[in-house]
Structure formats: structure tokens, C-alpha cells
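Those protein sequences? They're chains V and X, same order as listed.
Using this note's numbering, the first residue of the first sequence is number 1, and each one after it goes up by one.
Using this note's numbering, the first residue of the second sequence is number 120, and each one after it goes up by one.
If you are wondering where the hints come from, they were derived from the structure by calculation, not from laboratory data.
There may be inaccurate statements among the hints.
Unchecked claim - Going by beta-carbon spacing under 8 Å, a handful of chain V positions derived as facing chain X: (1) Ile-2; (2) Ser-41; (3) Ile-46.
Stated by the list, open to error - Residues of chain X clear of chain V, computed beta-carbon distances all greater than 10 Å: (4) Lys-162; (5) Gly-166; (6) Ala-174; (7) Arg-180; (8) Ala-188; (9) Ala-189; (10) Met-198; (11) Thr-206; (12) Ile-314; (13) Asp-319; (14) Val-367; (15) Thr-379; (16) Ser-459; (17) Ile-467.
Just so you know, these numbers come straight off a predicted model, no measurement behind them.
All C-beta atoms, glycine included, are put in the ideal place defined by N, C-alpha and C.
The primary structure of each chain is shown beneath.
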Amino acid sequence: MIIRIDEYSDVPIYMQIRNQIVMGISSGELKGGEQLPTVRSLALEIGINTMTVSKTYQLLKQEGYIMTDRKNGARVRDNIAQSGVISEENKTELRRIVSESRLSGVSKETLKKLIDEFY
Amino acid sequence: MTWLIKVIMFVCIVPTVILMYMLGFSRNPGRKKMILGVRDNPKFHEGEGGKKFDAIVDSARKGGLIITAAVVIMSIIMMFMPVNGTTLLTWILLVFALFLVVVPYGKGNTELKNLKKELGITKSGVTYTDITNTNVVHALKLPWIFLPNALALIGTVAAVLIDLGVIGLDVASEKYALTLMSISFLFVGVIMVPIAILMDNTRNMVISRDSNINANYSRAKKKTWADLFIAMSWANALCLIAYDIVLVFTSSETAVLAGTVLYSAVIMAIVIIGVITQQQVERRYDRDTELELQDDDDNWILGLFYYNPNDTRLNVEKRLGYGGTVNVAHPAGKVIMIISAVIIIGSIVFLIYMGATGQFDESVMINKP
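Looking at chain V on its own, in the form it has when it is part of the complex:
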């Protein structure tokens, strides 16, 4: 799985990595039980501080997407807890995207098609 880091983005690097790992799990690129690189090797590969990767893994663990232990390192969770609700944060983000799309003249149908494509 390829991770794209944009050093000029407003989104912090740890969040960029987190978002792409979540997208990878959702799309099936990263399967349940799949081993993730160690904090050190991923930091070396990207060329960033180990603390940044550690922060990403802690966040992913907190959110229930991955599990970590000393022996096996980080792995994608086999069964990710499904609450069935969209978080307030994501709702706000979605509202912003819908608003911007409407102002740009994007039709509701196009947006729905995009959601179907990404879902």
C-alpha cells in the first residue's frame, strides 16, 4: 500500500498517515490481521521522526483500527467495532464538503455517485 505524504499540506503528517491507513483498511488494501511496519522502520522509510509514527499508531489503536503488542508489533484489527454512527467531527467535515460542492455547482447526483464509488 502506497502512502502519499505532502509536506506542504495543512494536515499534520501523523494525521495524513492515519487517514491513509484508515482508507487502506476500508478499501481492503490492508486486510484484517495484516502486519504493519514497525514504528522505527516506517519512520526511516518516510524519513520522519519516530515520534510522529508512534503518534499515528497510538491514534489508530485508540480508534480501534489496529492493535499493538510488544511481541508482534502493530496489526490491523480483524474485527473493527462498528458503531453505525458518523462522528460529529466527520459530520462537520461532510457538511463542509457538501457546502463547497454546492457552491461550486456540483450536483447532488454527482456527489451521491462519488459516495457510491468511495463507499
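Please build the complex by placing chain X on the supplied structure of chain V, with the hints as guidance.
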């Protein structure tokens, strides 16, 4: 016998300078990912920018060609000169003159970076990392590089024991010549081990969205490096053993120098094969390249020295030539660079001092049969 010294110097200098020229100054800059250590860009090949680009590349190529030709012609002339202190110093200074080839390269690199700014080419700041391949793509099999060094160590221990008289052999060569020769070869072999490991641990290149292509590309590149270091280690160890045997039975300088000619030729052949293989790998994966490489041109001082405080890696792939270099912004990189600079500058100063005080002449007189 002194003609062998000239052959050794010729075999070391001429192929190296030609190789440096060929690697640094491409004949078809439009087809390469990197030109004079700067990433290619479509804007370099259109309109006014294209003309300026061609002028910079042509000027650098001409500069490189003049220096290369000068070194080659000088080496040919030196082949017809008698070996004395002055010509010996000239040969050694010719080795250091190899570094002059990088002058037009560095100048061209700076001019191209300025042209980028002029054409409004800004760096994207995007890096790709393939997390599937992190820390799993390696090509170096450690026993294959440890084995020749173990052999070299055995040879060195044997040499020390012979020189100390523990092993009762009548050595034909001078006292401790065997030990000194063996330790020199062992040192070269041992120094290759960490370099080979560092090269095997360089970052995996991401050229495609397909992880398999990325893994195969990185593995192929690392394999050429691993093969190069393993072949050099074996050549080094076998040469040490051969010298040990030769020096026990003979003190003939001709035999030693003939061995050095052979050793230099083998090392040169290994390097040339390595470079050709690497170029074949690049050509093979050129059509699979779909992702833009990270634009870190500004972090390459003169296209030669990598300085990036935001990059935590120590070793990166070189832009000129073959192999890797260190990130000068890394604390260990700073130490390595300072030590290298001290060794190179110190050697030049020392050799000039030797030449000025006539010590080379004395050495040549002593070694005359």
C-alpha cells in the same frame, strides 16, 4: 619493472575518469530522470526555457569532456615518462584530479536549479512510501560478505604469525612486509561490510502504485550493490591470500606489482559490470515508472552533497555515480564527511610535502633493481 607502476596508475585513473564522465554527463539528457543531479521537468524541453536548458547542459558536458580528455591525455603522456619522484607525484596528483570532473557538474547543477526558479518550477513536497515493502526488501546475504573477510582475517593472522616467527617459515620478503600488506587488504575488506549493509538498508524506491513493482525494482537495485560489494570482498580476500603466498617465496617486486595490476583490473571490471547492471535495471523499470519522484533537488548541494535536516535517514542514493552517500545534516553524516575531508585534504598535503622534500626520489632510488 617501473613500467608496472605506470600500468597500475593508468588502469586506475583512465577507466575511472571515463566512467565518471559517462555517468555525470548524459548523452541524451531528455531521456533521463536526472540531469546534472536535477530532476527532469517538461518545462526544460519547451520554448525559451528549453534553449537555456540545452545551453547549460552543453556547457557542462563540454567542461566535463575537456577535463576528462586532459586527464586521459596526461595519463598517456605519463606512460612514456621515466618513473622518478616528480612523475610519481604527478601520477598521484592525477588521481586527485579526478575530482575536477565534478566541477562542471556542480556548476551545471546550480545553473539548472536557478533555471527551475526562473521557470517557476516549484517543488511539490510530495513523498510516496510503500508500507508493504518497509524493511522487507533486502538483497545482501551477510554470510557471503563475512566469508571472504573471515578468509582475509585468517590470512592476516597467518601473516602476523609468520612475521613474528611463531610459524617457522623462511620468508623471502622484508620483515613485516607480509603483515603490512595483509592488514591493508583486511582493512579495505572490513570497511566494505558496513557500507554494503548501509546500501542494503537504503530507502525503498516508490515508482509505481503496484507494491510488487516497487519491491522488485528496489530488490534489483540492492542486488547489484550487494553483488558489487561481495565480488569486491572476494577479490580483496583472494588477493591477500595470493600476496601472502607470493611474499613467503619471493621478494620480487615485479611479482607484487604484476599482482597489483591484476587486482586493479579486476576491481575496475567489477565496478564497470556493476554500473552496466544498474543502468539495465533503470532501463527495465523506466516503463513501469508512474509516480513522480520526490523533488529534493534543493537539498543536494552542487548535486553532490545531500543536506536535509528534515530527513532522519543517514544514507541515501547518490545522484552522481553509483552507490550511496550520507545525509550531511545527520549527526553521523557530519562526522563521516569531516573524516573524509580530512583524509582527502591531508593526503594531498602530505603527498605534496613528500614531493617537495624529494622523498619520492629517494623511494624510487631505493626500489631500483
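Checked hints:
no.: 1; hint: Ile-2; result: 5 Å, holds
no.: 2; hint: Ser-41; result: 4 Å, holds
no.: 3; hint: Ile-46; result: 5 Å, holds
no.: 4; hint: Lys-162; result: 20 Å, holds
no.: 5; hint: Gly-166; result: 27 Å, holds
no.: 6; hint: Ala-174; result: 31 Å, holds
no.: 7; hint: Arg-180; result: 32 Å, holds
no.: 8; hint: Ala-188; result: 40 Å, holds
no.: 9; hint: Ala-189; result: 40 Å, holds
no.: 10; hint: Met-198; result: 47 Å, holds
no.: 11; hint: Thr-206; result: 48 Å, holds
no.: 12; hint: Ile-314; result: 18 Å, holds
no.: 13; hint: Asp-319; result: 13 Å, holds
no.: 14; hint: Val-367; result: 47 Å, holds
no.: 15; hint: Thr-379; result: 40 Å, holds
no.: 16; hint: Ser-459; result: 23 Å, holds
no.: 17; hint: Ile-467; result: 34 Å, holds
This entry satisfies every hint, going by the numbered hints stated previously.
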